[in-house]
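Trainee: Reconstruct the complex from the two isolated chains, following the hints.
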Amino acid sequence: MTEIRFKSPEEIKEDEIEFKMRERGPEGEPQSGIFFDEEIVSGTQEKKKYVYIGNPYSTEGLPLTKLETEATREDIETIKREIIPTKESAEMLEAMAVTYKNRQPLLIEGPTAIGKTYLMERFTEMIYGRGTKPLDFYCSGQTDVSELMAKWVPKTETEEEKKKWNEFLELSETRGKISEIAQEVEGKTNFSQERKLALIHIRLQELAKSAGLSEETQWRFQYGAVPKAMGLTKNPDGNFTFDELNGAGFNLHIEEVGLAEPQVINALLKLRGKSGRLTEEIQVWENGGKKVKSGPKFWVYFSTNPPEEYLARNEIDPALARGVVFKRMKELSPESLYLASDYYFTYRMMGEKPKEKPEGCLLDIYNHPEIGKEISTIVSTFHNDLNGLLKVGEKGRRQRIPLSLDDMARVADGLITEQARSKETGFLDLPRTLKNLIEFYYLNRLADESIKKKMLEKLDDMIFNTTGVTGLVEFEGKKITRKEMFDMMVERASLTEEEKIERAKREAIQVEASLRGTKPGKNSK
Amino acid sequence: MYKDKLKTFLNLLKKDFSAGKKTFDIGLMVIEPKSRIKKEGILKEVKKTVDIESLIYGKDSRDEEIFNKIIQSFQRSKWILLEITKDLSSPMLNQLKNLSNSNSFQIIDYGGKDVFEMKMPEKSRIIFLAERNFIEKEIRYPHFYTFFGPTLNIK
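So the protein sequences, as listed, match chains A and B.
Counting from 1, one number per residue, gives the positions in the first sequence under my numbering.
Counting from 1, one number per residue, gives the positions in the second sequence under my numbering.
A couple of the hints might just be wrong.
[What the hints assert, rightly or not] Chain B is nowhere near these chain A residues, computed Cβ spacing over 12 Å in every case:
| no. | residue |
| --- | --- |
| 1 | L64 |
| 2 | L67 |
| 3 | G176 |
| 4 | P236 |
| 5 | E331 |
| 6 | R506 |
| 7 | A508 |
[What the hints assert, rightly or not] Distance condition first, Cα-Cα at most 20 Å in a straight line; then the derived EDC-like pairs of lysine to aspartate or glutamate:
| no. | chain 1 | residue 1 | chain 2 | residue 2 |
| --- | --- | --- | --- | --- |
| 8 | B | K48 | B | D4 |
| 9 | A | K435 | B | D4 |
| 10 | A | K391 | B | E136 |
| 11 | B | K59 | A | E173 |
| 12 | A | K151 | B | D114 |
| 13 | A | K163 | B | E64 |
| 14 | B | K86 | A | E167 |
| 15 | A | K155 | B | D4 |
To be clear, the hints were calculated from the coordinates, so they are not data collected in a lab.
Built from N, CA and C at the ideal position, the CB exists for glycine as well.
If we strip away everything but chain B, and leave its shape as in the complex, we get (with noise of 0.2 Å):
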């Protein structure tokens, strides 16, 4: 069952034919409490499908590296599976609406330009992974989940 889902969500997620909406979506993986499936294990499942490199948005993390290791996976047009375990900093959270929005990054004097900015590539996509409680209970930002596309729950 779990399986099927997931083999839905990352269709979702990897059709590039639009009729409504003009952009791709960015996916959310919840972890429902009690879940007993594996984070490693999601991350095995997924490879089997799509060419994904993982990245952990966490205590240790600073914006700039996160933003130079999204751009250099996308550089080399691969999906980036995000594990976030801390509230996301005001940086974050404007490139993740540019990014849900219009599908790119903007970001300002970076890179040597005024005006970075850096259109996420067609074969590209980016998959946030949280545990339900952290997303209840850590996230400030109210709307959270407006951000997302496709959401699969992973109980």
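Chain A on its own, in the form it takes in the complex (with noise of 0.2 Å):
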């Protein structure tokens, strides 16, 4: 006999979720991995609030993660509207869900374009609350390791003063210095931590004097972003306070850490817990040993952008990846990318629309989706094909330009205010508005004329057809250049409905005259 088994109501509820997770919007991709939801603890009667985290493009079920969360229902709401559903965002903020849960530190590595720094504002967000940023650190080839960890600095009271200790402490005979007195200190295993102090300020002092600096000067001591991020605690005022021993944690976002140089590699492997796990504490020499708790809410977020994005550089360190949840992302597909631009275009993110046009606004073209369908289409290629450009490399450059999402949003943002008119027929000239922005947001950063000069040629090509490569677009039953199609659409969409009616009107009368082979207007009346 089969045993009949009754879901039980978290089953339930879970189904539930899923099964809204699984709506899909008009480009046919799913809505979002977010979910909201409120319990009463039975007990207490004390209502919590949670987050459900998971990722709605997975074919297999659909695991959540639930969290629980400082942000209210409408904070939820308003950050699914600003994340754009893509497959790369879910799988992201994925990771980060299960990470977050388990106390794992995370690094993702992938392209500047896939919204690694964006999610994870995001997920502090939906974990502390709409405004709450997680503390960031960025590394770049100078950071120093007190950057991260604690560092002694002098007090100082004159501009002159400061501009002296400032010269000191930026030479890197200085930090060597100080850095062997760490050694020195660390070596005294007997010493208490009071002793161990002691020595490091009679150290330094020593420091100041050989270099004529005032031995006199007191130092403060400082931590930095690791230990701060550990010991944090946000209190529902929206500051923090910190205690070494009891602070609840906080989210630390290390970006960049594929330029980090190996000493601050170094430093963060102290991060490495057991099992996989974020430390439970740390030991700072620099205030004489003494251990910071980690609280239970602290959690490292690593980013990177991959290896061939930086030049010479390595791999990310083998002992740090090992150290981590390792995930490495690609480029966003094709798809991706035109539902992102598809999102901007259209203005799906934009929330409430206004109800007047703002200024610089001759075509409310936030109204328009069939319009914004079109440019969409433009800008995706653009991007597209000058992302593939750059990846060559500008000749002999340093610097490198990894295009972003931002950079088509802000294109969108530009179409809406700063629209030109056309001396033809007075309505908004689409082309020229959209070359313009496009020099300011993508050409103007490129110091390579060549590549500027090919991406103009292109962009011109996909509007007026110029060299015929990209070709006319059919457009009701008719081909046209793109720019024909935007001068009618845009026409189309300025005009009022009786302007429309009247429009229509006169051109029924042409049809009927051409028909007749008679001039219109003989028999308009």
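Mentor: Written out as structure tokens, the structure reads:
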């Protein structure tokens, strides 16, 4: 006999959430993998808020990660609207949710355009509420370990003194000597913390004296980004407080870790704990070996671009890669790029549309998705082609220009308020407006004139069919240039209902006249 | 032509209207090699449109001092034209990224706070000014251009 099993209330709820997450948008894309819910804790009757995160592109079931949140339902709805539900963003958010819940450090390596930073910001808002940003730390070749861990800063009074000290502390020789002091203190294993601190002070004063600076200078201890994030607590008023041993912990985002020098990576390795989790505590030598405890909400997310985007850089340090959940992302797929472009140019992320046209706006383009879709095709193609050329690299340049989705979003924003008027029609000159914005947001950065020229020619061809490479587009049964198509679309969108009726009447008369072989006007009364 | 482009550039920075990107942009003015336009002239021209103060991040600048000045200008809701003539230090790069990504300053142990955060006022904007050759040869951070929204070429 088959046993009938009834689903538990939790299972039923999960099924409901999964069903909602599977809903599709107008382009056939999943809506989002985010869901808000509230629960009453039995016994205490306390109301708790949760956010569920899952990957709606997943083909095998939809594992959900349930996280307690300080965000409101409205916060979550707004955040959902601000995330374009591409396959890549769903994958990254899922990885963030799972590793956050399991207290594992996460490292995402992927090209600039895919939203690694953007999603971390939204994720932090999903946990802490709208407007809360993670503690950010950006690595570069110049990053010093002291910025991450801790340092002693001289207390100086006058600008002159500050300048002298600054010059002294910026010297690599000084840094080396400070590092020597660190090693000396670390070696004194039989010293108490107080004795270690006293030794640090003495050595620092000696160092200052040897450089001709006042040995009387007082020093102030300062924690760096890592211990800070471990012991920070976000208070209800939005401010943070720090406690080395009892802080709640907070989200730390270490960006471009691929640019960090080996000594910085070595410092970051201290974050590795047992079983792939974050460490429970770290010891800070600068504070005489005092321990800083990792609060229960402390979480670290590393991000970096692939090595080919940094000239002369190696792969991510293997020891770091082993100590984190390492997720490697590819470039946005053409489908995702097109979806993002479509979201921007049909203004689906805009929320409430303005009732009145903003200054500089001739045509309320945000109310005309049919035009937006055509612009989207041009901009996404242009973006993709330029990206391809830039990957080859501009000749002999150190600066790289990885394009991002923000570039598209900026063009979409600019299209609303920087509209040029056509002298011929008096309506919006869409090709000129678009070219102008593409110049400001894409082309002016380029130092290589040949790439700039090539891309301008491509753009002209797409709009005016100047070289015939892109060809004509089919519009209402006719083969025309995109410029002609835009002019027609803009004109229609710019006319009022009465003007449209009037125009239709005139056109009907013209057709009738041409059928009769007479000139319009003769029988038009 | 340059003045028209400058006007559009400032308009693009000024707009507080956002459909896709949720933050204000930081602007970049790039002085191309052989340009005859003087920096003082640019500042004078920009001043005709917006209330702007100029700062230099150069050989003698200290990071903390520049942060203080930027924060003070923001407190007065001013625009800032920041000319850079030396490579960006790590703390400066951190703040530039913060300004670009979230329009805010985030400094550890500053102003008597564990984490000092300051949102850029809605009426303030920041424009970086640098020579093309300087950017190409002196700036070691390889993705410098990605911090900026509109870029104006000064030829």
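Trainee: Keeping to a limit of 20 Å between CA atoms, is the pair of K59 (chain B) and E173 (chain A) held or broken?
Mentor: holds (19 Å)
Trainee: With the threshold set at 20 Å, check whether the alpha-carbon distance from K155 (chain A) to D4 (chain B) stays at or below it.
Mentor: violated (49 Å)
Trainee: Minimum Cβ separation between G176 (chain A) and chain B greater than 12 Å?
Mentor: holds (17 Å)
Trainee: So if I understand the rule, the pair passes when the alpha-carbon distance is 20 Å or less; does K391 (chain A) with E136 (chain B) pass?
Mentor: Judged against 20 Å, a Cα distance of about 17 Å means the pair holds.
Trainee: Sort out whether D114 (chain B) lies within 20 Å of K151 (chain A), counting only the CA atoms.
Mentor: Status holds; Cα separation ~15 Å.
Trainee: When you look at the beta carbon of L67 (chain A), is every beta carbon of chain B farther off than 12 Å?
Mentor: Correct as stated: the minimum Cβ-Cβ distance to chain B is 22 Å, above 12 Å.
Trainee: Would you say E331 (chain A) is clear of chain B, with no C-beta pair closer than or equal to 12 Å?
Mentor: holds (15 Å)
Trainee: For K48 (chain B) and D4 (chain B), compute the direct alpha-carbon distance and say whether it is at most 20 Å.
Mentor: holds (13 Å)
Trainee: Given the hint that K86 (chain B) pairs with E167 (chain A), test it: the Cα-Cα distance must not exceed 20 Å.
Mentor: holds (15 Å)
Trainee: Confirm or reject the statement that L64 (chain A) sits farther than 12 Å, beta carbon to beta carbon, from all of chain B.
Mentor: holds (27 Å)
Trainee: Is it the case that P236 (chain A) keeps its Cβ farther than 12 Å from each residue Cβ in chain B?
Mentor: At roughly 16 Å from the nearest Cβ of chain B, P236 (chain A) sits farther out than 12 Å, so the non-interface label holds.
Trainee: Is the nearest CB of chain B more than 12 Å from the CB of A508 (chain A)?
Mentor: holds (38 Å)
Figure legend: structure checked against the earlier numbered hints; the only hint not met is number 15.
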